[in-house]
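> Sequence:
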Amino acid sequence: MSKEEIYTIPILDAFNTDCECPFCHLSDSLEKDTIDFVLGPSYMDVSIRQITNTTGFCPTHFAKLFNETNRLGMALILESHMKKVRQDLEDRMNSDKPKGFKMGKRTALDPVKDFTDTLVDHCYICDRIQDFLDRYMDTFFYLWKKDSSFRVLVTASKGFCIKHFGQLYGIGEHVLKDKDFQDFKTDLIAIQQTNFDRVIKDLEWFITKFDYRYENESWKQSKDAVSRSIQKLSGIKP
Numbered sequence: 001m002s003k004e005e006i007y008t009i010p011i012l013d014a015f016n017t018d019c020e021c022p023f024c025h026l027s028d029s030l031e032k033d034t035i036d037f038v039l040g041p042s043y044m045d046v047s048i049r050q051i052t053n054t055t056g057f058c059p060t061h062f063a064k065l066f067n068e069t070n071r072l073g074m075a076l077i078l079e080s081h082m083k084k085v086r087q088d089l090e091d092r093m094n095s096d097k098p099k100g101f102k103m104g105k106r107t108a109l110d111p112v113k114d115f116t117d118t119l120v121d122h123c124y125i126c127d128r129i130q131d132f133l134d135r136y137m138d139t140f141f142y143l144w145k146k147d148s149s150f151r152v153l154v155t156a157s158k159g160f161c162i163k164h165f166g167q168l169y170g171i172g173e174h175v176l177k178d179k180d181f182q183d184f185k186t187d188l189i190a191i192q193q194t195n196f197d198r199v200i201k202d203l204e205w206f207i208t209k210f211d212y213r214y215e216n217e218s219w220k221q222s223k224d225a226v227s228r229s230i231q232k233l234s235g236i237k238p
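Here the numbering used here is used: the first residue of the sequence shown is 1, the next is one more, and so on.
These aren't lab readings, by the way, just hints derived from the structure by calculation.
Check each hint, because a few of them may be wrong.
[Said to hold, decoys possible] Label-pair ranges, simulated between beta-carbon atoms:
#1 Q193 <-> L119: 39 to 47 Å
#2 Q193 <-> I51: 51 to 59 Å
#3 Y212 <-> E79: 52 to 60 Å
[Claimed, not checked] Computed list of lysine to aspartate or glutamate pairs in EDC-like fashion (alpha-carbon distance at most 20 Å, straight line):
#4 K185 <-> D202
#5 K83 <-> D138
#6 K146 <-> D127
#7 K177 <-> D138
#8 K177 <-> D147
#9 K223 <-> D18
#10 K163 <-> E204
#11 K84 <-> D121
#12 K163 <-> E79
#13 K220 <-> D28
#14 K163 <-> D45
#15 K163 <-> E31
#16 K163 <-> D117
Every residue, glycine too, gets a C-beta built ideally from N, C-alpha and C.
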C-alpha cells in the first residue's frame, strides 16, 4: 500500500463531511489528536520529549495545552523545555560572535537572535499538523488523478478556506501536467467562487434580518453566516 493510499480514508471522510473546508476539518481533528497525544503517554517518551524540548509550542497551543486537565504532564513538559531553552541560550551567548561585516553591518545573524527567532517560529503541534496535511494534500492529488468519483465528490463540496484553496492551486501547478492543471484550475476556481457566492448570500440575508421589516421572516441558512464567513477567509471557525 502506497503512502497516498494510507491517507485515502481520512480524505474521503473529510470530503463527505458537511463543512466549509475539508482541510480545515482535517486540521481540527489533527489538532485535537495531537494535543491528546502530547499530554498522553507520549510526554514520557524520550524521543518525543527531545523534540518538544527543542521546538516548544506556539502561544495558541500553549494556551490549549494549559486548558487541558493534565497539569502534571504539562509541568513535566515545561520543566524540561525551559531547562533546554536556558541551556541553549547560554551556549549561544557564550559562543563567538559572527565576524563578518559589510557596510558596518553584520553579514551573519547573531546566534542569540537566530536562536530566539527559530524558537518563536516553531511549534511541535503546528509542525505535526502541517506534516500530516502535506500528506493529505499529496493524497488529494493522487485521488484527483486516479478516481473520477473523487472529482465528483470535490465538486459537490462547499469549497475551501482561502489558505487551503491557495495551497491546492499552488501544489496543482507543480504536480499536474499543463493541460490537467488548466482543467483542475478551472474546476477549483468554479467550486471556490460558487461557494463564496453561497456564503455571501447567507451573509447578506443575515444582515437583512436586522431590518425590522424582515423580523418575521425565516433566517434560512444565515444564522451562522458570520462564523462561516470568517472560516472561509481565515481558516478559523469561531
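> Against each hint, give a clear statement of whether it holds in the structure.
These are the hints, each one checked on the structure:
Restraint check, Q193 to L119: a C-beta distance of roughly 40 Å satisfies the suggested window 39 to 47 Å. A hinted range of 51 to 59 Å for the beta carbons of Q193 and I51 is inconsistent with their spacing of about 41 Å. Separated by about 59 Å at the C-beta atoms, Y212 and E79 satisfy the suggested range of 52 to 60 Å. A hinted pair counts as satisfied when its Cα atoms are at most 20 Å apart, and K185 with D202 does not qualify at roughly 26 Å.
Under the criterion of a C-alpha separation no larger than 20 Å, the hint pairing K83 with D138 is inconsistent with the structure, at around 38 Å. Distance check on the hinted pair: K146 and D127 sit about 29 Å apart at the alpha-carbon level, beyond 20 Å; violated. Restraint check for K177 and D138: the C-alpha separation of about 15 Å stays at or below 20 Å, so the hint holds. With a C-alpha separation of about 16 Å, the suggested pair K177 and D147 falls inside the 20 Å cut-off, and the hint holds.
Annotation: proposed proximity of K223 to D18 holds, straight-line Cα distance about 16 Å (limit 20 Å). For the suggested pair K163 and E204, the alpha carbons sit about 23 Å apart, so the restraint of at most 20 Å is broken. For the hint linking K84 to D121, the alpha-carbon distance of about 17 Å falls within 20 Å, and the restraint holds. Of the supplied pair hints, the one linking K163 and E79 is violated, its CA atoms being roughly 35 Å apart against a limit of 20 Å.
With a C-alpha separation of about 27 Å, the suggested pair K220 and D28 falls outside the 20 Å cut-off, and the hint is violated. Restraint check: the Cα-Cα separation between K163 and D45 comes to about 34 Å, which exceeds 20 Å; the hinted pair is violated. Proposed proximity of K163 and E31 is supported: the alpha carbons are some 17 Å apart, at most 20 Å. Restraint check: the Cα-Cα separation between K163 and D117 comes to about 24 Å, which exceeds 20 Å; the hinted pair is violated.
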